[in-house]
Amino acid sequence: MISFTDEQRLLATTVREALAATCPPDAVRAAGADPAARRGKAWQALGEVGLLGAHVPEEHGGLGLRPMDTVLAFEETGRAAVPGPIVETAVAAPPVLGVVDAAAGWPAKIAAGRAAVSVRTRDVPFLLDADIADLLVVECGGGAALTSPQAAGLVRRASADRTRRLYEEAARAAAGAGSAAGADAEAVRAAFAYAFDHAALAVAAQLLGAARHLLDAAVAHAKRRQQFGRPIGSFQAVKHLLADVAVGVEFAAPVVYGAATTLGAGAPGASGDVSAAKVAAAAAAYRAARAALQVHGAIGYTEELDLHLWLARVWALRTAWGDDRLHRARLRDALLGPAG
Amino acid sequence: MELGFTERQREFRAEVGDWLAAHVPAEPLPSMDTADGFERHREWERTLAGARLSAVSWPERYGGRGVGLIEWLIFEEEYWGAGAPGRVSQNGIFLLGPALMAYGTEEQRRRWLPRMARADDIWAQAWSEPEAGSDLAALRATARRDGGGWRLTGQKTWSSRAAFADWGFGLFRSDPAAERHRGLTYFLFPLDAPGVTVRPVAQLDGETGFAEIFFDDVYVPADQVLGGVGAGWRVAMATTGSERGMTLRSPGRFMATADRLLALAGGSADQALRDAAVQARLDAEAYRLHAFRAAERDAPDAEASLMKVFWSELDLRMHETAMELLGPRAAAEPWFDGFLFALAGPIYAGTNEIQRTIIAERFLGLPR
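Sequence lines, in order, name chains A and B. If you read the first sequence in this note's numbering, its first letter stands for residue 1, the second for the next number, and so on. If you read the second sequence in this note's numbering, its first letter stands for residue 1001, the second for the next number, and so on.
Quick caveat, the hints were computed from the structure, so don't treat them as lab data. Each residue gets a CB set at the ideal place from its N, CA and C atoms; glycine is no exception. Among the hints, erroneous ones may be present.
[As the list claims (entries may be wrong)] In silico negatives: residues of chain A with every beta carbon more than 12 Å from chain B:
id : residue
1  : E17
2  : A21
3  : D34
4  : K41
5  : G113
6  : A115
7  : D123
8  : D131
9  : G142
10 : P149
11 : L154
12 : R162
13 : R189
14 : D273
[Unchecked claim] Here are the simulated distance ranges between beta carbons:
id : chain 1 : residue 1 : chain 2 : residue 2 : range
15 : B       : Q1271     : A       : L10       : 39 to 47 Å
16 : B       : D1223     : A       : D324      : 56 to 64 Å
17 : B       : R1329     : A       : Q294      : 51 to 59 Å
18 : B       : V1201     : A       : D324      : 44 to 52 Å
19 : B       : E1320     : A       : L10       : 41 to 49 Å
20 : A       : Q294      : B       : M1101     : 54 to 62 Å
My request is simple: use the sequences and hints to build the entire structure.
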């Protein structure tokens, strides 16, 4: 059933406290201007509490955890809008490197908090934060390309969120280039599919966390802001708008947690469950962002308030690790079969 | 999604599923809002009760099986998945039952619960009045002391099942000096008592699912007060929590509807409608997962309002999608009856406008 252990809750609380100390809104804001800020104190703190190595096997110094163990912790990274390639490094890279990286020891470096990795599967168009990564892992043709950012010839692309820089390689790597020799093509394909599902789930958790923050921020503003001599949160139109956000968040959360359970158990249909989680969390977060902006009014439409950091994050995460169209198509195929 | 059920839970599911496969009527029963259909549904309730399946979560001494909420949710999934008849005993078993369990004396529980489980008594709720709908605390019907008992006077309305039911339950103002939610008492009364007049009211489908109940100095003995004189609001609120939350509308019902909708959409080439069906299935699954989580912890009362908004709007969206898929042939299909029923969802058990205000004030803490 879907319930969390004390240990799972403790990891989330630890992450939340670490981020409260290291990732105030100013730190998120700084990541928009200063490249190094994406691997600043918060990144270091997440390494120290073990989240970056949570999905690295124990023999490489990680914690060897499953999605249900970390889903609440990733929710906290969304709540704090932590910058940096956290999902890519902690979730997407380890399973692929476990198959193609026999000798270089990247998993151990990730677990030690010493490596940032950017990852792209065939369904992911951009490399997130490739400029500050130590390693790029790209699915191409039937294999994996492992390159350094310097060798890839990175071209920056527009991002909805300035704290998340997106890149493409100048010349897309050829199949198998740079990948460890002898890696079985089917195993590599399966590792990328595994990475995609686990990363999409982690991003769904981040969207859920961002949605919770946006709801809290909108409620706090609605209590504080006075118009017509009353707090605007006493007006029914505002109440009902925020009630709908609460409904969206409350019913997205169990879908995300349920997918964490089935994905960790390797249940048949778990990929469809991940798509359900991503679609539900993205919808809840988008609705929260939209309502939070409306409730804040003009001040919310500025960079002076911190609200925009979470708005931009939601817009960006909505299309990260599969946009709605991709995940809806996977759901359609799972539930209805191919269109007749 | 696959949830990790225990061996015992899987056995329970299999037993319920097997029993239903052997006993669910092959043909749908006539509408429970007709005289004949009502009695046919009562017979079905007795068949269920014979297998101790009419109220599985109740203690065995009252006719249940004493199983937990998880097993009850499993029962509901099997029940609606099997296409079993609607529950004519619904209001008694799911609204009054929990209130009797929480606030009744042991004597009262033994008097009414086993009869309720066997459908010997079918109960109707009597909350609303002509001037007290969403604003229930504005109710005016009175209870006046008369010797050891009470005299009820006034009018209740929109009373579901009351046209054919045996007993009713509702709130009456027992302290004329008190205002609003104070001075109210929760009474149980037979609908054939002298002075009670029931006037059936036809609903959108033309059948008498509603009734008005008129009370003209109706005598009720003191042992038909539930939860103490003046405690009516508290008892009723415990009941409305059940009504709004999952005990009235379990996820099994919506999962069954979503699966039927997927089957319907599978035959359509319309991409928008196929997507709407997929979204409906996702939402029904969300409600299901939420319910299984809520069953494992103590959910706050305001969560019942979140659930009520979610399930009622989901149910309506699903039936609207079915109407679109069926087009001009829709009215000939059982989906149309479901559509009419779903339209009532955002109104009964507290309108969704009231629920959203409760969510905003009690769940989010916004100012009144």
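Quick rundown of the hints versus the structure:
For E17 of chain A, the shortest C-beta to C-beta distance to chain B comes to about 23 Å, beyond the 12 Å cut-off, and the non-interface label holds. Here A21 of chain A stays apart from chain B, with its beta-carbon at least about 26 Å from theirs, past the 12 Å limit. The claim that D34 of chain A lies off the interface holds: its Cβ sits roughly 36 Å from the closest Cβ of chain B, which is beyond the 12 Å cut-off. Non-interface call for K41 of chain A relative to chain B: holds, since the shortest CB-CB distance, roughly 32 Å, exceeds 12 Å.
G113 of chain A, annotated as away from the interface, keeps every beta carbon of chain B farther than 12 Å; the closest lies near 33 Å. With a minimum CB-CB distance of about 34 Å to chain B, A115 of chain A clears the 12 Å threshold, and the non-interface call stands. Non-interface status of D123 of chain A relative to chain B is upheld: no Cβ of that chain comes within 12 Å, the nearest being about 19 Å off. Every Cβ of chain B is farther than 12 Å from the Cβ of D131 of chain A; the closest lies at roughly 37 Å, confirming the non-interface assignment.
No beta-carbon of chain B is positioned within 12 Å of the beta-carbon of G142 of chain A; the least distance is around 31 Å. Even its closest Cβ contact with chain B, about 38 Å, leaves P149 of chain A beyond 12 Å, as expected for a residue assigned away from the interface. The non-interface label for L154 of chain A is consistent with chain B: the shortest C-beta to C-beta separation is roughly 36 Å, beyond 12 Å. Residue-level check passed: R162 of chain A sits 30 Å from the nearest beta carbon of chain B, beyond 12 Å.
The Cβ of R189 of chain A lies farther than 12 Å from every Cβ of chain B, with a closest approach of about 24 Å, so its non-interface assignment holds. D273 of chain A, annotated as away from the interface, has a beta carbon of chain B within 12 Å; the closest lies near 5 Å. Against the hinted window of 39 to 47 Å, the Cβ-Cβ separation of Q1271 of chain B and L10 of chain A comes to about 45 Å, which satisfies the hint. One distance hint, 56 to 64 Å for the beta-carbon pair D1223 of chain B and D324 of chain A, holds here, with the actual separation near 59 Å.
A C-beta distance of roughly 41 Å is found between R1329 of chain B and Q294 of chain A, which places it outside the suggested range of 51 to 59 Å. Judged by the Cβ atoms, the range 44 to 52 Å given for V1201 of chain B and D324 of chain A holds: they are separated by roughly 45 Å. In this structure, E1320 of chain B and L10 of chain A meet the distance hint of 41 to 49 Å, their C-beta atoms being roughly 45 Å apart. Between Q294 of chain A and M1101 of chain B the beta carbon distance is about 44 Å. The supplied range of 54 to 62 Å is therefore violated.
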